[in-house]
Structures are given as C-alpha cells and as structure tokens.
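Q: Sequence:
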Amino acid sequence: MKRLLVIIALFCLTGSISLGQNTNANLLFNAGFEEVDSAQKPLGWMPEYWLEGSEYQVTTEKTYSGKYALVIKSNEENDFRLVQTVKVKPNTYYKLSGWISTENVMADKIGANICVVDDGFHHTYSINGTSSWLPVNLNFLTDKNQTEVKIGVRLGMWGNTVTGAAYFDELSLVELNHRPDTYETLKSRESSGDAGPQTGGSWLWLLPIVAVVLVGVIIYDFKRKK
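Last residue of the sequence shown: number 225 in numbering that gives the first Met the number 0, and the count goes up by one each step with no gaps.
One or more of the hints may lead you astray.
What the hints assert, rightly or not - Cut-off 20 Å, straight-line C-alpha distance, at most; resulting in silico cross-link-like pairs (SDA-like, lysine to any residue):
1. K61 / K149
2. K186 / H121
3. K72 / W132
4. K61 / E169
5. K61 / P134
6. K149 / E183
7. K88 / A24
8. K40 / K88
9. K108 / Y124
10. K88 / V116
11. K108 / L50
Keep in mind the hints are simulated off the structure, nothing from the lab.
Take the sequences, apply the hints, and build the full model.
A: Encoded structure:
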C-alpha cells in the first residue's frame, strides 16, 4: 500500500512539474541569438524597417549571456526591428522580457525596446542614451480571437525614428498561469475589423452640459438687456 502511495505521489509530482514546464516554456525561437547563419544573422528573425540603411548582426563584443547578442545600429534616424511570429492562445496572459544595452540612442523618443508589433504601442520600457545591460518586460493579454503575435526587438517605434545602437539578449515569451498586476490588452485585427481605432465618442457626454450652459448664458444675456 505504501509503495502504491509513493508511486501515485511521484506521478503527481512529475506531472505537475511537466505541466509547469509546458506552461512556462519560452515560446521564442533562438531567443538568445546563439544560432546564426554564414552572414552572422540570427536564425528565425526577419528585418522590418521604415527606411533602409540600418545594420544588424550578432556580436561577441557585448553580451549579457552566451556567446552572442544582437546589435541594431542606425546612423540615420530610423525605426528598425527584427521580428518573429509566435503562436499564442486566445484570451491568455503572457510575459515578454529580455535584456537591452544601448549606445548613444536619441533621447526624448521611444528608443530601444522589445515590443508586440501590431497597430498599437505595446512595448517594454524604452532605453535611451548609453546604458549597461538592463532588464525590461511587458505583460499582455491576447484578444479573444487571437492565435499569434509578432514579437520585435526594436530601435525606434511608429513616429519615433532614432539613431544609435541597441543590443539585445536573453529574450523570453512565456504564458502566465495567473493575472499579472499590470498588463496591456491586445486587439487582434479579426476583432477590430476595418473601422480602425475609435477615438471620437469619449467626449460626447459633454454635449448636453455644454448645451445647458449655452442656453443659460443666452437667457441671462436676454434678461440683462431688458
């Protein structure tokens, strides 16, 4: 009987460990940029950019861990990123994290960051200037219809073109089994349709108040003239 209980306990323990590993597995391929091609470009990551001219490659000169890190350099103002599309579950919490180091990244704009590339501004804390390795992270909730996300390591952002150099290493995208204290909510294009973001309705509740005030002013002015 004792042997049976021990076997059951071990089965439950290994099962729970296995489930925990599956839940918290890093969903990004080549997250540390250790796998490279003959041109010293990281496998599994594709470049996207606003303008041509920026450079990227793996480097051994500055790493957080392992042999390589990724570096993006923009001598002219640009929004440049390397992206990877990842399968996700709908209506699920995820944590995106990594390490960033910078050299002379322009201030007063969104600089080096790790982001979800969509129609919004879902990105980690922006690193500007010159910095040593700093940890960054972003928690987000996928949309009810969402089955994939595009993750980017980025120097710049929509409407924020910058110069400088950004180093990235040890990225991670994991599913969370709890609701984090802070998070951003994604909106998939399947849910948003073609209408685009709605920004005009937030002030409509003020119209009745404005109308009442205007009527009051007119009545007061009419009585004063009499």
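Q: Please go over all the hints and tell whether each is borne out by the structure.
A: Status of the hints after comparison with the structure:
1. K61 / K149: violated, 26 Å
2. K186 / H121: Cα-Cα ~11 Å, so holds.
3. K72 / W132: holds, 16 Å
4. K61 / E169: Roughly 13 Å separates the two Cα atoms, so the pair holds.
5. K61 / P134: holds, 15 Å
6. K149 / E183: holds, 15 Å
7. K88 / A24: holds, 14 Å
8. K40 / K88: Violated, at roughly 29 Å.
9. K108 / Y124: Given that 20 Å is the threshold and the Cα spacing comes to 12 Å, the pair holds.
10. K88 / V116: holds, 17 Å
11. K108 / L50: Holds, at roughly 17 Å.
Of the hints listed earlier, those the structure fails to meet are numbers 1 and 8, in rising order.
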